[in-house]
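Dock chain B against the given chain A, drawing on the hints supplied.
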Amino acid sequence: MNVELFLFFLFALMAVGGALSLILQRHPIHSALSLIVVMVALAALYLLQGAEFIAAVQIIVYAGAIMVLFVFVIMLLNAGEEERTAASRMARVVGVPVGIFLTALLAWGISGGASSQAATEAVVKPYDTKQLAVLLFREYVFPFELTSILILIAILGAVVLAKRES
Amino acid sequence: MVPASYYLVLSAILFGLGVVGFVFKRNIITIFMSIELMLNAVNLAFVSFSRELGSLDGQVFVFFVIVVAAAEAAVGLAIILLIARNRQSLNVENVDLLKL
Numbered sequence: 009m010n011v012e013l014f015l016f017f018l019f020a021l022m023a024v025g026g027a028l029s030l031i032l033q034r035h036p037i038h039s040a041l042s043l044i045v046v047m048v049a050l051a052a053l054y055l056l057q058g059a060e061f062i063a064a065v066q067i068i069v070y071a072g073a074i075m076v077l078f079v080f081v082i083m084l085l086n087a088g089e090e091e092r093t094a095a096s097r098m099a100r101v102v103g104v105p106v107g108i109f110l111t112a113l114l115a116w117g118i119s120g121g122a123s124s125q126a127a128t129e130a131v132v133k134p135y136d137t138k139q140l141a142v143l144l145f146r147e148y149v150f151p152f153e154l155t156s157i158l159i160l161i162a163i164l165g166a167v168v169l170a171k172r173e174s
Numbered sequence: 008m009v010p011a012s013y014y015l016v017l018s019a020i021l022f023g024l025g026v027v028g029f030v031f032k033r034n035i036i037t038i039f040m041s042i043e044l045m046l047n048a049v050n051l052a053f054v055s056f057s058r059e060l061g062s063l064d065g066q067v068f069v070f071f072v073i074v075v076a077a078a079e080a081a082v083g084l085a086i087i088l089l090i091a092r093n094r095q096s097l098n099v100e101n102v103d104l105l106k107l
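If you read the protein sequences in the order shown, they are chains A and B. Residue numbers for the first sequence follow the working numbering, beginning at 9 and rising by one. Residue numbers for the second sequence follow the working numbering, beginning at 8 and rising by one.
In case anyone wonders, no lab produced these hints; they're calculated from the structure. Bear in mind that the values here come from a model prediction, so they are computed numbers and not experimental data. Some clues are possibly wrong.
Between beta-carbon pairs, the in silico distance windows are [unchecked claim]:
| no. | chain 1 | residue 1 | chain 2 | residue 2 | range |
| --- | --- | --- | --- | --- | --- |
| 1 | A | His35 | B | Asp64 | 37 to 43 Å |
| 2 | B | Lys106 | A | Val101 | 16 to 22 Å |
| 3 | A | Pro105 | B | Asp64 | 33 to 39 Å |
| 4 | A | Gly120 | B | Ser96 | 41 to 47 Å |
| 5 | B | Asp103 | A | Ile159 | 29 to 35 Å |
| 6 | A | His35 | B | Pro10 | 34 to 40 Å |
From the three backbone atoms N, C-alpha and C, an ideal C-beta is built for every residue, glycine too.
Chain A on its own, in the form it takes in the complex (with noise of 0.2 Å):
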């Protein structure tokens, strides 16, 4: 077994065991850890697949700022443990085989695409961060600047939001 294996295994491992123990654990700040956990691991396996850039902005806004804003809110807002109703054993019984069935789906068709697309094009080139930046910034510059006008008017929403009436 060589080493990228070894790696893609153990991370990817450790990712569907933070997912399971986002779903599995009752208190959101569990979850909330979880699911920094799962980052962290996908960071690692876009490391493995070479896409640096990629990489280093999933751990420094997805588990720096979003995961930083969702425990912050949990803490604000002094969430308990959740509670469990008929509903919810209801939403169980349906929505595990539900997940399982739409899981394979997925994984059929996702894996299928694949491995027809790798029989045309076998040739793997090595990216840098540079030419990903020619790339934002020439062939994508009008939805790279859309998106600061999202990020304006998000801003904006989240103030008017949160602010108290008076």
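For chain B alone, coordinates are given in the frame of chain A:
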């Protein structure tokens, strides 16, 4: 090299777990975290396809998805804050005014 289909199956598993969490969690914050998990699974699929096809466009898409997720988290958490303030509860079953 690890085949791209391994990554895609992992991405499908994570997405499925996100869907399951979305369906049967009752806490609104945890439901929101399940959505983030699904977005992450999609990002993994984008990066794998980007490597598989030898094109960087997938990574640019991941960048945009992360930006949109950040904006979504900011607005979504503000909404959660409002709901918690108005209803004194984080359980989604208490937020059912639109239900018949």
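Which earlier hints can't be squared with this structure? none
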